[in-house]
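Throw the hints in and build the complete structure from the sequences for me.
2 protein chains.
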Amino acid sequence: MKFSTQLVPMKNHTAETLANERSKASFDIKEMDVFINGQERINGREKAVSIVRAEPETFDQKDVYYMGRTEMLEKGYKQEKRMIEMLREGKITQTDIGLISDLLGWPTPFGLTRAMFIPTLTQQCNEEQKKAFLEPALDYRIIGCYAQTEAGHGSNIRSLETTATFIEETDEFEIDSPTLTSTKWWIGTLGLSATHAVVMAQVYVKGKHVGLFPLVIQIRSLKDHKPLPGVHVGDIGPKMGYNSIDNGFMNFDKVRVPRFNLLQKYISVSRTGEVTRPANINSRASYGTMVFVRANIASNMGRLLAKGVTVAVRYTSVRRQFGEPGKPETPVLDYPIVQYRVIPILAKTYAMIGMSHEFFAQYQKSADLISKGDFSMLKEMHAVSCGLKRWSSTQAIYGVDTCRHVCGGHGFSQFSGLNDFFATIYPNIIFEGDNYVLAKQTAMFLAKSAMGLAKGEEVDMNDTTRTIKHFMNRPAVLTEKELFTWTGKTAAEIVSSNQLLLDLLGFKFVAMNHNMVVKIVRKGQSWDDSSIESQDLASAHSEYIVCLYFSRHIAKLPQNSGLRPILDILFKIAALSFLNSNPAELYGFNKASAMNRSQIVGLQAEYIKYIKIAREQAVPLVDALGVPDEKLNSSLGRYDGHVYEDLIKRALNEPVNRDGTGDEIRERFYKNYIGPVLHGKSGSTKL
Amino acid sequence: MKFSTQLVPMKNHTAETLANERSKASFDIKEMDVFINGQERINGREKAVSIVRAEPETFDQKDVYYMGRTEMLEKGYKQEKRMIEMLREGKITQTDIGLISDLLGWPTPFGLTRAMFIPTLTQQCNEEQKKAFLEPALDYRIIGCYAQTEAGHGSNIRSLETTATFIEETDEFEIDSPTLTSTKWWIGTLGLSATHAVVMAQVYVKGKHVGLFPLVIQIRSLKDHKPLPGVHVGDIGPKMGYNSIDNGFMNFDKVRVPRFNLLQKYISVSRTGEVTRPANINSRASYGTMVFVRANIASNMGRLLAKGVTVAVRYTSVRRQFGEPGKPETPVLDYPIVQYRVIPILAKTYAMIGMSHEFFAQYQKSADLISKGDFSMLKEMHAVSCGLKRWSSTQAIYGVDTCRHVCGGHGFSQFSGLNDFFATIYPNIIFEGDNYVLAKQTAMFLAKSAMGLAKGEEVDMNDTTRTIKHFMNRPAVLTEKELFTWTGKTAAEIVSSNQLLLDLLGFKFVAMNHNMVVKIVRKGQSWDDSSIESQDLASAHSEYIVCLYFSRHIAKLPQNSGLRPILDILFKIAALSFLNSNPAELYGFNKASAMNRSQIVGLQAEYIKYIKIAREQAVPLVDALGVPDEKLNSSLGRYDGHVYEDLIKRALNEPVNRDGTGDEIRERFYKNYIGPVLHGKSGSTKL
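Chains as they are written, first to last, in full-length UniProt numbering: chain R, 1 to 687; chain C, 1 to 687.
Any given hint could be a false lead.
Because identical chains share one entry, a pair is satisfied inside a single copy or across any pair of copies.
[What the hints assert, rightly or not] Calculated pairs, EDC-like style, for lysine to aspartate or glutamate (alpha carbon to alpha carbon, straight line, at most 20 Å): (1) K208 to E274; (2) K671 to D224; (3) K481 to D503; (4) K223 to D463; (5) K78 to E664.
Simulated from the structure, these hints should not be mistaken for laboratory data.
Shown next as structure tokens:
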């Protein structure tokens, strides 16, 4: 397809505009990259980028936007095969595979053998089982999945319908799917790939239900990959995103496996059907795994949002619209309403990534304690991880949505990089507990902590309980003015102190928690009926924790660090965005702790003031997030600012435009449809 | 692919559950359908359904979820060809094409020749031009598009770069695209279909810029459909949605067209280059068209949301999770947190569709006045239509998103019917003015009205200005208690009166407007800086108008109508959802009009109370919205409730599962990728 190659964009050129924005940086971008991402992650990112750049025929993702589902799957398989080859050649490690996947920006078909099959085997196999299942899995001589969810059963795993019945005569388990709703569903890596599955089933021995346990089941032949007899398995079909992986369904028609295949960590069944459960299992330890998985999601969300905000900031910096007559149009990021939507997302991105460093430090501390049999940190870590997974995934998904929207019409093009991306991150609101359900976990912990403290019970002390206790003020060592530090201060005075902002965020969740607890204790409000206010309460708690952890990460910098001034501003913007998101929560404080109207309205004015300041540093700040062009995969977000050149280049590469294949398609459309319409007989077609 | 056909879902069966919900209806479903949709629309819907059902090989949309872009386009062309055949055979009308398109749920490739090309020609051609362009367009002997937006230019059309220069020597205009950013972009029906375009260009005559005007330009040969010399045209590539239509780009390299092709409504250029503008043009009349287009979008949004909420209500009624031990699991719609998310959307759907009837009546009234030269209603209609387009599109898009989220994991499957759908309705936040930009139109009208009233100027009276005047209370005929009718009342008393809810919604926008006007007048706050509070202000105004118009539509029913009790409840839920969305607005009332904390907190309790009541009627209420299964195209939302049967049926039809094509794909994946991994040499792959 012909297109004038000599044409250039109107002035001011987008690339020059972006370079000009960069020249305004008040801080060292590389230093900031190290602060926010950490040197280890930077090293990993650079290695992954070098691998991906070296083999564009396999790893270049520019063509994915043109692909149908089957092509996506095929590309994903090609990438898997190559990564495993490199692994076998010793060129990359399992960790590198994760880093490469992250850069590719989509899940590849064997993802779940790594993310779920191998970890489950690692944790729940005995030594013999490890030899039989784990070792070949680590070598990709078998590929597995983790089959828990069923078509009719998600969060409530106790209601799963798949059965595994011990057949003493043959020393086997018989796996059966008694209903349509018991069909395993949504299982990643199952639809087309897996040879084996860890299947969660209701285990029956000698007619008695003994509980829900995992069994390893071979589902496809290792010779020809055809499903084994009695196994009905396939792909669940197209999804909003995640189309490069084969989420599958599976239904068992009385399939037999050896007794050996029941994973032995939590249960064992003898040859004669005696059921034993090991005595030394602390059920609380399994919480540790859940905390870890959720902590991982929460930590990743800031990094996903980094991609969205990089595209939005760069594009709104170079995209011009309206302005004063006779002058070049104004970059849209100069408009208050655009700043108001984008800059807080930038601040939250920093807060979320910053938080993750401290969060993992806390997680590590609690894991160390657990290994010594000390579970004192576990409850808070569980509540915090549920809360942060919930809060940060919602922030990331709708943050990316806002980033797309501020890009205007071009945001809607796949070449914005934000559409398949939005679709792919979207299920994080459901993974590992639906966000609306997870709020309850956090809220119950908060409510019970407050109740315990009120009753004078012994309560484990941590960031959360210390804050509750502080504001419950027992024993009363502080005056009201010492406790409610904002009393009598102007909004500007409040915002000038990061500690005061933390005080307000802390008291906000304590006050909301108090209101809920009163209803529960005095009015007998049920947990189900508390679920509505639990949402805002869990958010308020997460926002406090995010700011607290972020402030601790900043505190690691030397006092005279050149990064501090701008980080200080980002901290204030994040904190103010949380305080201003629903000011009714501030109006609702009781008399002793009350904020007055001019304070509350003043916080909004302060917020806008700091947003305007941060706007000046927006481009350097997204540069420092270090998202490579390969990960952005975006015309609008390119580092070099050549937005329009890239848009046309990608459009010309659209299959219907291409010379050859495109010619054939266009001729077919014309011959079969457009031509017959244009040259067809005219009948009574007038309006 | 084999799958057990004898399997049925667990009990309670979903179909029985849905039938049971229907048996609880407190009103006549058909009567409600007539009330909310109107008999004319029902007739149209039934005709479209019968056409679509009669020719499934062309119109059945079940297979679209499996399609790549080229297949979608091909299916769209096939549908266009068939619709135009039927039109030519006199079997259907142009109106029917709109109804069929609505049912198909995606845009078809010739959509813009109908929606923009023909209307522009109708309005702006003189009689000769009508013969040359409009008549063949109506017969589909030419297919056109409307080329305004450029790669670098959207809302600010004054900055468009395409030029049309009068060449006196040859009596032609020369069309040129001087830069890359001047390339026409996003133009629907252009990429592969159009033979002609209405092109908006900066017109130059004798070296002088005379303004921005439309010219008709032939762009492809009518013989072989190849682009004409100097025209570089193609498809802009894949998008978030809208992939069944060919949005295109186009660049002109000094293309000549006859002077005749400049549309003559607002300008004419003589043979010798004299420019004349007709004297009898009232520029305000063109506002009427914009009002009409936005009114159409606003009215359509409730009908789109009807699809989302139908899927969500039906599926959450039959989907069970958790519950009391020993009993069947609880339908998720019985959980307060699910009701809290779904039922207000149901209420808003009714309010939005109900509003549209009154809105069109108002629009008609204003159009009649305009035709008599009376423009007194135009300003408010413009402000209302900007506001309602903005507000209702945001409500619909994020309402559909919530509907998807409450469906849990299956919401993420294409078979939910809500994913391509979400993507397709998403650009309504940008069409006809970005929603964030549109808020200014409404807010400026409100601010100027208040300023005018305050200064005692003569201001046209309408629903908006009457409300502002009422609460500004000039002349003061009412006591404060008569004016602020909620004073001294309990929350329950307030909610018991629909008029009181309207008073609160009306005063809320008046108070917010007052706060903004004070900043503008006393502190010199700019319009740009007012853009942030303009958003909430415009929403508050729209919410008042929606409730006002909805209440008027209800008022048309006889007093003893059996529909009134449930409509009354829906009205209250909609109004309360608006009052409770940001209670800080209520806390912010001044002293004379103040609401106290127990009133504000009480409104939330009332809201939840009414939501629980409406939940009992949720299934009959979505049935009455009358969305056919063809439009839902959803396993989860099926009228008959056979959710799981349909999910597996659709999954089995996924191309990679199909016998034949699927076998080939699976064998290829195994041979090329999976097999080599499984049987490849094991190297140092251990963790």
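Here is how each hint holds up against the structure:
In the homo-oligomer, the alpha carbons of K208 and E274 lie at most 20 Å apart inside one protomer (11 Å), although the nearest pairing across protomers, at 97 Å, exceeds that limit. Within a single copy, K671 and D224 get their C-alpha atoms only as close as 43 Å, which misses the 20 Å cut-off; across copies the closest is 9 Å, which meets it. In this assembly of identical chains, the alpha carbons of K481 and D503 lie at most 20 Å apart only when taken from the same copy (12 Å versus 40 Å across copies). For a Cα distance limit of 20 Å, the shortest separation of K223 from D463 qualifies neither inside one copy, at 56 Å, nor across copies, at 76 Å.
In this assembly of identical chains, K78 and E664 lie within 20 Å of each other by CA distance solely across copies; the values are 17 Å between and 27 Å within a copy.
The structure shown violates just one earlier hint, number 4.
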